[in-house]
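Undergrad: So the protein lines, in turn, are chains A and L. For the first sequence, the tail end lands on 343 under UniProt numbering, and the numbers increase by one without skipping. For the second sequence, the tail end lands on 350 under UniProt numbering, and the numbers increase by one without skipping.
For the record, the hints were derived by calculation from the structure and aren't laboratory data. The structure presented is a predicted model; accordingly, all values stated were derived computationally and were not measured. Every residue gets a Cβ at the ideal spot worked out from N, C-alpha and C, and that includes glycine. A few of these clues could be false.
Stated by the list, open to error - Using C-beta positions, here's what the derived DEER-type ranges look like: (1) A:E341 / L:P296: 48 to 56 Å; (2) L:K34 / A:D166: 21 to 29 Å; (3) L:P296 / A:E99: 41 to 49 Å.
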Amino acid sequence: MVTVTSTPAPYDKSATTQPLLQVRDLSVDFVTGKTRASALRGVNLSVAAGETLAVMGESGSGKSVTAQAIMGILDTPPARITSGQVWFQGQDLLTMPEEQRRRLRGAEIAIAFQDSLSALNPVMKVGDQIVEALRTHLDISRRDARTRARELLERVAIPAAAQRIDEYPHQFSGGMRQRCMIALALALSPSLLIADEPTTALDVTVQADILRLLREMKEETGMSMLLITHDVGVVAETADRVAVMYHGRVVEHGSVVDVLTRPAHAYTRALLSSVPRLDAPAHRLPAIPGTPPSLLTPITGCPFRPRCGFASPECAVSEPDLVEVMPDRQAACHHTQEVIEDD
Amino acid sequence: MTDTPGAPRTAGSSPTSDTVLEVTEVTKHYPVLKGLMRRQVGSVRAVDGVSFTLRAGETLGIVGESGCGKSTLSRLLCGLEKPVSGQVRFRGTDLASLNRAQLRSLRAKIQIVLQDPFTSLDPRMTVDRIISEPLRIHGWGDSRQDRQRRVRELIDMVGLSQEHLRRYPQEFSGGQRQRIGIARALALEPEVLILDEPVSALDISIQAQIVNLLGDLRSALGLSYVFVAHDLSVVRQISTRVAVMYLGRVAEIGPTGNLFDQPQHPYTAALLSSVPSPDPTNPSLDRRIALRGEVPNPADPPSGCSFHTRCWRAQELCTREQPTLTSRNPGPHTTVACHFPVSATSPVPN
Numbered sequence: 001m002v003t004v005t006s007t008p009a010p011y012d013k014s015a016t017t018q019p020l021l022q023v024r025d026l027s028v029d030f031v032t033g034k035t036r037a038s039a040l041r042g043v044n045l046s047v048a049a050g051e052t053l054a055v056m057g058e059s060g061s062g063k064s065v066t067a068q069a070i071m072g073i074l075d076t077p078p079a080r081i082t083s084g085q086v087w088f089q090g091q092d093l094l095t096m097p098e099e100q101r102r103r104l105r106g107a108e109i110a111i112a113f114q115d116s117l118s119a120l121n122p123v124m125k126v127g128d129q130i131v132e133a134l135r136t137h138l139d140i141s142r143r144d145a146r147t148r149a150r151e152l153l154e155r156v157a158i159p160a161a162a163q164r165i166d167e168y169p170h171q172f173s174g175g176m177r178q179r180c181m182i183a184l185a186l187a188l189s190p191s192l193l194i195a196d197e198p199t200t201a202l203d204v205t206v207q208a209d210i211l212r213l214l215r216e217m218k219e220e221t222g223m224s225m226l227l228i229t230h231d232v233g234v235v236a237e238t239a240d241r242v243a244v245m246y247h248g249r250v251v252e253h254g255s256v257v258d259v260l261t262r263p264a265h266a267y268t269r270a271l272l273s274s275v276p277r278l279d280a281p282a283h284r285l286p287a288i289p290g291t292p293p294s295l296l297t298p299i300t301g302c303p304f305r306p307r308c309g310f311a312s313p314e315c316a317v318s319e320p321d322l323v324e325v326m327p328d329r330q331a332a333c334h335h336t337q338e339v340i341e342d343d
Numbered sequence: 001m002t003d004t005p006g007a008p009r010t011a012g013s014s015p016t017s018d019t020v021l022e023v024t025e026v027t028k029h030y031p032v033l034k035g036l037m038r039r040q041v042g043s044v045r046a047v048d049g050v051s052f053t054l055r056a057g058e059t060l061g062i063v064g065e066s067g068c069g070k071s072t073l074s075r076l077l078c079g080l081e082k083p084v085s086g087q088v089r090f091r092g093t094d095l096a097s098l099n100r101a102q103l104r105s106l107r108a109k110i111q112i113v114l115q116d117p118f119t120s121l122d123p124r125m126t127v128d129r130i131i132s133e134p135l136r137i138h139g140w141g142d143s144r145q146d147r148q149r150r151v152r153e154l155i156d157m158v159g160l161s162q163e164h165l166r167r168y169p170q171e172f173s174g175g176q177r178q179r180i181g182i183a184r185a186l187a188l189e190p191e192v193l194i195l196d197e198p199v200s201a202l203d204i205s206i207q208a209q210i211v212n213l214l215g216d217l218r219s220a221l222g223l224s225y226v227f228v229a230h231d232l233s234v235v236r237q238i239s240t241r242v243a244v245m246y247l248g249r250v251a252e253i254g255p256t257g258n259l260f261d262q263p264q265h266p267y268t269a270a271l272l273s274s275v276p277s278p279d280p281t282n283p284s285l286d287r288r289i290a291l292r293g294e295v296p297n298p299a300d301p302p303s304g305c306s307f308h309t310r311c312w313r314a315q316e317l318c319t320r321e322q323p324t325l326t327s328r329n330p331g332p333h334t335t336v337a338c339h340f341p342v343s344a345t346s347p348v349p350n
């Protein structure tokens, strides 16, 4: 086993091969009164131009906090970024002035949320919201912006876009509203789309439509995507690479095919086998016992240890580092070799 | 549609001695009101002529997308809603024929478990009180000691410990809350559990625990389940039979394996093909059957087969005549409401 530490080399602004987005050693605490919850503990991630990175995890794993920290929409307080950098196109988002960051957001970094009803302005026509976004960032006439808005709605397959451009969000079905939000997110041709559980609230046939749309838009525009999801199926169908999170850390990272077919972390392995399959007859699901540990109490050793079938005394002593376990694959597990060989 | 008792029964619903629930042509409409005078201008057919039987020890999965009527159906099954026509019979007794007191004692036998049972409970009640409340209300046992013993038995049954009894709902994780919800539902020794999306709010690793727990309880206590869910993979895991609903009607119903492996209704086929595959080497969405349009307004459903506006196999007949559930063979146990059911060799659009 190769045990090269995967902590990336210092960020070099001048290098041309740098990823579009690089999150380095990001730590976030939530402080309320006397309690302190460590939501993120040294997260490293990178998204290359044109690729989709999925951040997969369960509740409390830190996947949404990661997305919010990148977007700069964490509520501070109670949240506090205690360390780390978020490099985007050669600039650290965390240290840049808020005004500059706001300009970047929307134009270069766009966001698609799970709940389109609260992401869109309920008292403003859908078309006007897109027009406003275009005119805020571009020197463009109202008329041209409106034409562009209609084209965008047509592009995301809103039927009768020329009429529906003058409707309000509540007049659309859930799936169509999700399309409107994607149209708004893509209005300024961002180079990065952060999609936070974009299909979680949707019915399965609508979800399939939206996943296809996201994939098409990505291919068409060459943008990168950071996809936050708990759904293994969505990861498998949409992403190029995946970072698996548990208890505020990335515990495994690699290409989607590698990670999902041959996991190297005991948690990833256990998680994948507890997913019910559509194509398999009923069998007893190998459930993961117990619940994730509380973020409020500091733990020694591996946070997955109490639920892990591979755990050994070593796991109680030290928390494993995220290390390169094979080319292009990192895992933070003391038992990677056994996990890989166990079939 | 008829509400006459003893009306002809559709295929697959002949009652036998082990029939627990018998649902016959059940229909529930909600009025659509408009204007200052709240004039009724139409009605939404939330559930429209649904028939099936639930046999002892069986789990009937009910799947479908938002607005298909599955949640209204689950409320009808436990007597929380009254049908406008048709019957729900529990062990031969029509729920609609009972007075309030009778219905209340019968409801002990049919319990409902919701997605998050705690949203409807007092956060200041301890788990002990939450589980013992139905026992107190129904005067279960002879003494307070009897009831306490029952509560301890129940908390044990769902895999929690005695010390949890003194705690409050907000101290528990989603999975533990659902265990408490199940313990409360089991308190009065029901025969049937109506499980309405019981695991959809849970994380995958916890979801599997609850699915396994439900399976264990079913065999240990001889329960029958109606398992309502939108997650088709979970339904496949737990159900012995499955009904697929579309716009208030059953499109197809049959044994789980047959229905998932050889769907006959075009809607079932489309629904199954839309589920993302967790296997990246075998993605399913590329082979998916994409439906045109959206689910029509249930207040104004299409004529004939309500699916015809989105169906790639629809012909003129489908716009005129509503298909009834019939057995189509070679799967004699599956019934399908379709004039032109699909087979493994049918061409599909994408």
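Undergrad: In this structure, is the beta-carbon distance linking K34 of chain L and D166 of chain A contained in 21 to 29 Å?
TA: Distance hint for K34 of chain L, D166 of chain A holds at roughly 23 Å.
Undergrad: How does the Cβ-Cβ distance of P296 of chain L and E99 of chain A compare with 41 to 49 Å: does it lie in that range?
TA: 48 Å Cβ-Cβ, so the 41 to 49 Å window holds.
Undergrad: Could you say whether the range 48 to 56 Å given as a hint is met by the Cβ separation of E341 of chain A and P296 of chain L?
TA: 53 Å, holds
Of the numbered hints stated above, none is contradicted by the structure.
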